[in-house]
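There are 2 protein chains.
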Amino acid sequence: MSAQQPSIPQGTRDFGPAVVARRNYIFGVIRRVFEKFGYAPLETPTLENLSVLTGKYGEEGDQLLFKVLNSGNFLKKQKGDKIKEQVTPEDLLAGPRAVLPKVAEKGLRYDLTVPFARYVVMNRNTLVFPFKRYQIQPVWRADRPQRGRYREFYQCDADVVGTNSLLCEAEIVLMMSEVLTTLGLTDHTIKINHRGVLGAFYKALGGEGTEVDLFTAIDKLDKIGREGVEKELLERGFSAAATERLFDLLSVGGDFEEKLERLLAAFATAGVEPDNADGYRGLQDLQQVLTYLRGFGFEKWKNLEFDVTLARGLSYYTGCIFEIKINNVNMGSVSGGGRYDNLTGAFGLPGVSGVGFSFGVDRLYDCLEELQLFPEAVATTTRCLLANFDAESEVAVLPVLRRLREAGIASELYPEPGKLGRQFKYADGKDIPYVLIQGPEERAAGRFKLKTLATGQEQTVTLEEALAELAN
Amino acid sequence: MSAQQPSIPQGTRDFGPAVVARRNYIFGVIRRVFEKFGYAPLETPTLENLSVLTGKYGEEGDQLLFKVLNSGNFLKKQKGDKIKEQVTPEDLLAGPRAVLPKVAEKGLRYDLTVPFARYVVMNRNTLVFPFKRYQIQPVWRADRPQRGRYREFYQCDADVVGTNSLLCEAEIVLMMSEVLTTLGLTDHTIKINHRGVLGAFYKALGGEGTEVDLFTAIDKLDKIGREGVEKELLERGFSAAATERLFDLLSVGGDFEEKLERLLAAFATAGVEPDNADGYRGLQDLQQVLTYLRGFGFEKWKNLEFDVTLARGLSYYTGCIFEIKINNVNMGSVSGGGRYDNLTGAFGLPGVSGVGFSFGVDRLYDCLEELQLFPEAVATTTRCLLANFDAESEVAVLPVLRRLREAGIASELYPEPGKLGRQFKYADGKDIPYVLIQGPEERAAGRFKLKTLATGQEQTVTLEEALAELAN
Numbered sequence: 186m187s188a189q190q191p192s193i194p195q196g197t198r199d200f201g202p203a204v205v206a207r208r209n210y211i212f213g214v215i216r217r218v219f220e221k222f223g224y225a226p227l228e229t230p231t232l233e234n235l236s237v238l239t240g241k242y243g244e245e246g247d248q249l250l251f252k253v254l255n256s257g258n259f260l261k262k263q264k265g266d267k268i269k270e271q272v273t274p275e276d277l278l279a280g281p282r283a284v285l286p287k288v289a290e291k292g293l294r295y296d297l298t299v300p301f302a303r304y305v306v307m308n309r310n311t312l313v314f315p316f317k318r319y320q321i322q323p324v325w326r327a328d329r330p331q332r333g334r335y336r337e338f339y340q341c342d343a344d345v346v347g348t349n350s351l352l353c354e355a356e357i358v359l360m361m362s363e364v365l366t367t368l369g370l371t372d373h374t375i376k377i378n379h380r381g382v383l384g385a386f387y388k389a390l391g392g393e394g395t396e397v398d399l400f401t402a403i404d405k406l407d408k409i410g411r412e413g414v415e416k417e418l419l420e421r422g423f424s425a426a427a428t429e430r431l432f433d434l435l436s437v438g439g440d441f442e443e444k445l446e447r448l449l450a451a452f453a454t455a456g457v458e459p460d461n462a463d464g465y466r467g468l469q470d471l472q473q474v475l476t477y478l479r480g481f482g483f484e485k486w487k488n489l490e491f492d493v494t495l496a497r498g499l500s501y502y503t504g505c506i507f508e509i510k511i512n513n514v515n516m517g518s519v520s521g522g523g524r525y526d527n528l529t530g531a532f533g534l535p536g537v538s539g540v541g542f543s544f545g546v547d548r549l550y551d552c553l554e555e556l557q558l559f560p561e562a563v564a565t566t567t568r569c570l571l572a573n574f575d576a577e578s579e580v581a582v583l584p585v586l587r588r589l590r591e592a593g594i595a596s597e598l599y600p601e602p603g604k605l606g607r608q609f610k611y612a613d614g615k616d617i618p619y620v621l622i623q624g625p626e627e628r629a630a631g632r633f634k635l636k637t638l639a640t641g642q643e644q645t646v647t648l649e650e651a652l653a654e655l656a657n
Numbered sequence: 186m187s188a189q190q191p192s193i194p195q196g197t198r199d200f201g202p203a204v205v206a207r208r209n210y211i212f213g214v215i216r217r218v219f220e221k222f223g224y225a226p227l228e229t230p231t232l233e234n235l236s237v238l239t240g241k242y243g244e245e246g247d248q249l250l251f252k253v254l255n256s257g258n259f260l261k262k263q264k265g266d267k268i269k270e271q272v273t274p275e276d277l278l279a280g281p282r283a284v285l286p287k288v289a290e291k292g293l294r295y296d297l298t299v300p301f302a303r304y305v306v307m308n309r310n311t312l313v314f315p316f317k318r319y320q321i322q323p324v325w326r327a328d329r330p331q332r333g334r335y336r337e338f339y340q341c342d343a344d345v346v347g348t349n350s351l352l353c354e355a356e357i358v359l360m361m362s363e364v365l366t367t368l369g370l371t372d373h374t375i376k377i378n379h380r381g382v383l384g385a386f387y388k389a390l391g392g393e394g395t396e397v398d399l400f401t402a403i404d405k406l407d408k409i410g411r412e413g414v415e416k417e418l419l420e421r422g423f424s425a426a427a428t429e430r431l432f433d434l435l436s437v438g439g440d441f442e443e444k445l446e447r448l449l450a451a452f453a454t455a456g457v458e459p460d461n462a463d464g465y466r467g468l469q470d471l472q473q474v475l476t477y478l479r480g481f482g483f484e485k486w487k488n489l490e491f492d493v494t495l496a497r498g499l500s501y502y503t504g505c506i507f508e509i510k511i512n513n514v515n516m517g518s519v520s521g522g523g524r525y526d527n528l529t530g531a532f533g534l535p536g537v538s539g540v541g542f543s544f545g546v547d548r549l550y551d552c553l554e555e556l557q558l559f560p561e562a563v564a565t566t567t568r569c570l571l572a573n574f575d576a577e578s579e580v581a582v583l584p585v586l587r588r589l590r591e592a593g594i595a596s597e598l599y600p601e602p603g604k605l606g607r608q609f610k611y612a613d614g615k616d617i618p619y620v621l622i623q624g625p626e627e628r629a630a631g632r633f634k635l636k637t638l639a640t641g642q643e644q645t646v647t648l649e650e651a652l653a654e655l656a657n
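Protein chains in written order, with this note's numbering: chain A, 186 to 657; chain B, 186 to 657.
No lab work stands behind these hints: they were computed from the structure. Here the structure is a predicted model, which means the values were calculated and not measured. Take the hints with a grain of salt, since some may be wrong.
Just so you know, same-sequence chains aren't split out, so a pair can sit in one copy or run between any two.
Said to hold, decoys possible - Computed list of lysine to any residue pairs in SDA-like fashion (alpha-carbon distance at most 20 Å, straight line):
id, residue 1, residue 2
1, Lys287, Gln248
2, Lys604, Arg411
3, Lys604, Ala653
4, Lys241, Phe400
5, Lys634, Asp616
6, Lys610, Gln472
7, Lys610, Gly347
8, Lys485, Ala455
9, Lys287, Val204
10, Lys287, Leu249
11, Lys604, Gly347
12, Lys604, Thr348
13, Lys287, Ser192
14, Lys604, Phe314
15, Lys241, Arg411
16, Lys408, Arg334
17, Lys287, Arg329
18, Lys485, Gly439
19, Lys610, Asn349
20, Lys610, Asn308
21, Lys376, Arg198
22, Lys287, Tyr335
23, Lys408, Lys487
24, Lys416, Gly246
25, Lys287, Ile193
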């Protein structure tokens with residue numbers, strides 16, 4: 186055979202039956218929680234115009250976009266002349282910026298947020314606001330693949346746009362909590378902070394450096410520690426004194442409410458003006474989220490933490506920000522999100538505030554696997570294999586097969602007569618729990634043998650008894 | 186605002202909440218039937234190596250492949266030099282064949298069959314054969330978009346490989362029938378034919394022209410009629426006498442079994458050798474499928490037609506072929522499939538026979554819509570909107586909201602206090618059937634107003650009564 190050895194692209198995966206079933210279990214839990222909170226499903230195309238995607242994810246993001254050659258038939262066999270017309274050697278020598286728009290106008294969805302914003306703007310005249318949508322679809326990033334980082338992976342987003350209500354933030358905390366609890370991931374921490382609080386920190390430092398530098402440095406605290414952050418801040422023009430003031434603020438202690446009070450006092454001391462929209466609004470917003478959560482009946486919630494060091498990289502957040510850490514697994518955050526005030530502005534619809542969050546299904550999957558939390562019943566598989574004796578009995582058992590399926594029992598007849606050993610092996614390999622056997626002897630007696638593979642137990646039963654057992 | 190007007194690429198679609206819910210209803214019906222017959226889910230990546238895709242769909246197919254620029258970062262900003270290294274102006278002038286492999290090594294999945302074959306070959310040492318898988322995923326084709334033809338659309342495939350058993354063919358007929366019947370599309374015809382029968386036709390014509398020309402011409406019978414097919418055959422080297430013999434064969438009448446008998450006689454008359462593997466095997470296979478279907482209890486089945494004019498374009502079919510027509514809607518076939526004997530041969534695993542079929546969800550959707558067959562309960566939406574009076578009552582009703590959700594009732598509180606009219610409009614726009622209202626007066630009385638939007642009916646109820654009504 187001179188045939189090729191097939192392979193799949195780096196950073197992509199095939200999901201076999203058992204994995205699909207487990208992933209669908211996670212998607213199902215997330216979907217049901219989203220829907221219970223009034224979020225409705227949206228699906229957008231895989232292909233988006235590059236004009237929609239480019240410039241929305243920063244320069245690094247632009248480089249990680251997968252770009253698709255025009256219409257598939259650019260560069261096609263008969264079009265030698267056309268391509269020469271489209272892209273000249275001069276273009277090529279002029280560099281990629283001249284070439285790209287001529288060869289690729291489409292790209293693969295990079296996240297679910299920008300397509301959502303695009304959808305909202307395109308449908309703004311027919312949508313009912315506030316618009317609450319969830320979206321569970323794959324995204325693509327031309328990142329360097331490594332353990333746990335893929336080029337094609339699913340995101341599960343829920344967002345609401347068209348309202349400033351902090352009820353949405355409170356409900357996001359509830360949705361996060363319900364998804365994790367339903368999945369059995371009870372040892373988790375939902376971290377919340379507010380960009381305004383971080384903004385007030387910046388003010389409290391006395392206006393050195395830039396706000397973005399400050400947020401970026403704080404974001405790395407987990408990874409590079411206090412020393413690393415100090416070093417970075419000094420390099421970026423913050424003074425040692427300012428850096429010290431920052432760490433005083435970052436180390437504020439107490440429970441949610443105590444932290445709010447202490448920061449309020451600290452802001453006053455540090456000369457953050459009471460009418461500073463950012464800082465005080467941040468504290469007020471967080472207080473209001475807490476009020477809503479108490480209204481729902483959640484008091485002194487150990488899984489919820491006001492983490493003033495939470496910064497989150499994405500620049501479009503303007504209000505509350507969230508992140509979830511599973512405490513008993515060594516793994517980055519499994520979910521994150523926040524409020525943004527101008528997501529649709531890039532598409533000509535300014536002033537639409539929204540808030541949303543996203544679950545990373547791959548990380549949730551790994552957590553569930555490591556903690557052995559997948560329910561056994563998750564696997565979608567055949568429940569009963571009918572053994573196939575010979576050409577005659579093969580046809581004779583077809584009415585039985587029909588009965589099983591009509592009773593809603595996923596069943597199959599081994600498709601060829603043959604050795605029982607091979608058929609048992611098939612059932613075993615496919616995790617089919619039961620084999621139903623009717624050889625000539627059983628047929629004469631109007632009975633079946635029902636074998637339970639896990640225990641090896643075999644019982645002689647009537648069809649009705651088999652149906653009752655299999656329906657359990 | 187100088188912001189761009191966003192758009193989506195030609196031939197792609199956004200699916201809003203109501204459409205997603207209806208599509209998921211169709212997917213759900215198909216999935217449940219597939220699983221009941223022992224097919225297990227598989228998902229393959231959107232990105233496949235072009236070496237896997239190219240050459241599998243004919244020359245036209247190759248041109249319809251969407252190709253993805255290497256790693257996303259080919260043509261990236263800083264890489265001007267690298268691209269000049271990779272692709273020279275000489276390459277470009279030498280034509281697209283020289284350029285393509287240097288800029289694009291990956292493409293978008295074109296169908297679900299080739300990735301399935303690739304998966305089988307890559308996992309042949311761990312899979313349990315016969316391997317029965319289903320796959321419901323989007324595919325991409327750079328076709329010219331037109332009404333009902335998209336560049337991004339879903340396919341729903343079920344295939345079994347590793348057995349020659351015609352039980353699989355019989356069960357495909359059953360699965361087709363069950364999906365359509367469950368969806369309410371009862372007025373349908375499942376057409377079946379066999380490539381061997383068509384091969385025997387070719388033999389019966391006396392060896393003129395080529396087999397492919399014959400099949401291609403027959404395939405067009407529906408569209409261009411007898412005259413058109415005759416014209417095409419004459420142009421392709423078939424004689425008028427041969428063409429006449431063909432139409433004698435094609436016009437064989439009677440029910441399934443009568444057609445089998447008459448063709449058997451006609452083949453003998455026409456000098457098709459009894460040991461002609463194709464023709465006689467074709468009739469025998471179809472007879473065996475019929476035997477299985479009778480075994481299942483389906484006798485003289487009006488929805489099943491042995492259609493000797495069914496040819497199906499794809500060249501890889503070698504045995505039975507299928508197609509479904511919905512009779513009371515003006516629409517092409519909603520499903521098709523057949524047996525292939527060498528699908529995995531291209532990847533170095535010859536001799537693996539398989540059979541499969543595919544539903545086109547877009548056409549099924551259009552049929553259900555035209556015949557108004559979507560169940561009303563399909564829409565996934567909030568069941569109850571809690572009205573939001575003012576800041577005080579907003580917090581006061583949170584325990585009610587929690588109770589509703591804990592009872593599994595999808596519910597939301599309008600996120601801002603405000604005019605009831607606006608809130609009713611919101612419920613209406615989102616197809617929320619109930620609004621639950623507790624103003625200061627109702628709160629004092631420990632009661633609620635429950636309004637049914639469809640009828641405008643309003644009743645005063647306790648929380649328990651509301652829960653009971655909403656749970657229905």
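Check your understanding: For the identical chains here, do Lys485 and Ala455 meet the 20 Å Cα criterion within one copy, between copies, both, or neither?
Key -> Result: close neither inside a copy nor across copies, 29 Å intra and 89 Å inter.
Practice item. With 20 Å as the alpha-carbon cut-off, assign the pair Lys241 and Arg411 to within, between, both or neither. Key: neither (31 Å within a copy, 57 Å between copies)
Check your understanding: How do Lys610 and Asn349 come out at 20 Å by Cα distance, when the copy is not named: within, between, both, or neither?
Key -> between (59 Å within a copy, 19 Å between copies)
Check your understanding: Checking Lys604 and Phe314: alpha-carbon separation at most 20 Å within a copy, between copies, both or neither?
Key -> Only across copies: Lys604 and Phe314 sit 14 Å apart there, 64 Å inside one copy, limit 20 Å.
Practice item. Since the copies are identical, ignore which copy is meant and state whether Lys287 and Leu249 lie within 20 Å (CA to CA) inside a copy, between copies, both or neither. Key: Answer is both; intra-copy 19 Å and inter-copy 18 Å each pass.
Point to revise | Within, between, both or neither: Lys485, Gly439 at alpha-carbon 20 Å | key: For Lys485 and Gly439, only the intra-copy Cα distance (12 Å) is at most 20 Å; the inter-copy one is 79 Å.
Review point. How do Lys287 and Ser192 come out at 20 Å by Cα distance, when the copy is not named: within, between, both, or neither?
Key: between (30 Å within a copy, 18 Å between copies)
Practice item. Using 20 Å as the alpha carbon limit, work out where Lys287 and Gln248 are close: within a copy, between copies, both or neither. Key: For Lys287 and Gln248, the Cα distance is within 20 Å both inside one copy (17 Å) and across copies (18 Å).
Practice item. Pop the pair Lys287 and Val204 into one bin, within, between, both or neither, using alpha-carbon distances up to 20 Å. Key: Intra 40 Å, inter 34 Å, cutoff 20 Å: neither.
Practice item. Tell me, please, which holds for Lys604 and Gly347 at an alpha-carbon limit of 20 Å: within, between, both or neither? Key: between (65 Å within a copy, 16 Å between copies)
Exercise for review: Since the copies are identical, ignore which copy is meant and state whether Lys610 and Gly347 lie within 20 Å (CA to CA) inside a copy, between copies, both or neither.
Suggested key: Answer is between; shortest inter-copy Cα gap is 15 Å, intra-copy 57 Å.
Practice item. First find the shortest C-alpha distance between Lys376 and Arg198 inside one copy, then the shortest across copies, and answer within, between, both or neither for a cut-off of 20 Å. Key: neither (31 Å within a copy, 36 Å between copies)
The structure fails hints 2, 3, 6, 8, 9, 15, 21, 22, 23, 24 (numbered hints given earlier, in ascending order).
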